[in-house]
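Peer 1: Using the working numbering, read the sequence shown as starting at 1 and increasing by one per residue.
FYI, nobody ran anything at the bench for these hints, they're computed from the structure.
No residue lacks a Cβ here, since even glycine has one placed at the ideal position from N, Cα and C.
Among the hints, erroneous ones may be present.
What the hints assert, rightly or not - Here are the computed distance ranges between Cβ atoms for each label pair:
id, residue 1, residue 2, range
1, GLU87, LEU113, 28 to 38 Å
2, ASP83, SER53, 10 to 20 Å
3, THR58, LYS85, 28 to 38 Å
4, GLU39, GLU87, 26 to 36 Å
5, TYR116, VAL43, 31 to 41 Å
6, ASP63, ASP83, 11 to 21 Å
7, ASP63, SER86, 13 to 23 Å
8, SER53, LEU78, 17 to 27 Å
9, SER67, GLU101, 12 to 22 Å
10, ASP63, THR41, 16 to 26 Å
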Amino acid sequence: MKTNLLLKCAVFALSIVTFSSFATVTNLNDVTTTLDIQEETVVNAVYDGHDESGYNFTVVDEDDNESTITFQEISAELLQTYDLKSESFVGKSFTVTYKTENDVNTITNLTELPQY
1 MKTNLLLKCA VFALSIVTFS SFATVTNLND VTTTLDIQEE TVVNAVYDGH
51 DESGYNFTVV DEDDNESTIT FQEISAELLQ TYDLKSESFV GKSFTVTYKT
101 ENDVNTITNL TELPQY
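From just these sequences and the hints, can you work out the full model?
Peer 2: In structure tokens, the structure reads:
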């Protein structure tokens, strides 16, 4: 009788260990991950000044058509290097690196081009 009870307990314990060791497998093909990767754009542009809408730069395309790009955001670090709120950089040429997210243009790098 004791052997029968001991055998039943051993089988029960072994089955608990066996069943608890099963892992749930997730098929990674069923998981959809969306990454919002923002690519940066680089343009050469002339600074037109700052107003309530942002920092305005004029860009000339390969067909000599001019357009204005307004940048709503720029880092404080870049503003320390280039004080775009002053008039001293109006008319100067820059290489502007920027990204656009949710219709907001953000300058990520700015380099003044030499004047000829």
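Peer 1: When you take the CB atoms of SER53 and LEU78, is the distance between them in 17 to 27 Å?
Peer 2: Because 18 Å falls inside the window, the suggested range holds.
Peer 1: Is it true that the C-beta distance of GLU87 to LEU113 lies inside 28 to 38 Å, as the hint says?
Peer 2: Taking Cβ atoms as reference, GLU87 and LEU113 lie about 18 Å apart, which means the hint is violated.
Peer 1: How does the Cβ-Cβ distance of THR58 and LYS85 compare with 28 to 38 Å: does it lie in that range?
Peer 2: violated, 18 Å
Peer 1: Determine whether the Cβ-Cβ distance between GLU39 and GLU87 falls within the hinted range of 26 to 36 Å.
Peer 2: Given range 26 to 36 Å: holds, Cβ gap about 32 Å.
Peer 1: I want to verify a distance hint. Is the separation of the beta carbons of ASP63 and ASP83 within 11 to 21 Å?
Peer 2: At roughly 33 Å between Cβ atoms, ASP83 and ASP63 fall outside 11 to 21 Å, so the hint is violated.
Peer 1: Starting from the range 13 to 23 Å, see whether the pair ASP63 and SER86 falls in it by beta-carbon distance.
Peer 2: violated, 33 Å
Peer 1: May I ask you to test the hint 12 to 22 Å on the CB atoms belonging to SER67 and GLU101?
Peer 2: holds, 20 Å
Peer 1: Given a hint of 10 to 20 Å, does the C-beta separation of ASP83 and SER53 actually sit inside it?
Peer 2: Since the Cβ atoms of ASP83 and SER53 sit about 18 Å apart, the hinted range of 10 to 20 Å holds.
Peer 1: Is 31 to 41 Å respected by the C-beta to C-beta distance linking TYR116 and VAL43?
Peer 2: violated, 18 Å
Peer 1: For the pair ASP63 and THR41, does the Cβ-Cβ distance stay inside 16 to 26 Å?
Peer 2: holds, 18 Å
Violated hints for the displayed structure, listed by number in ascending order: 1, 3, 5, 6, 7.
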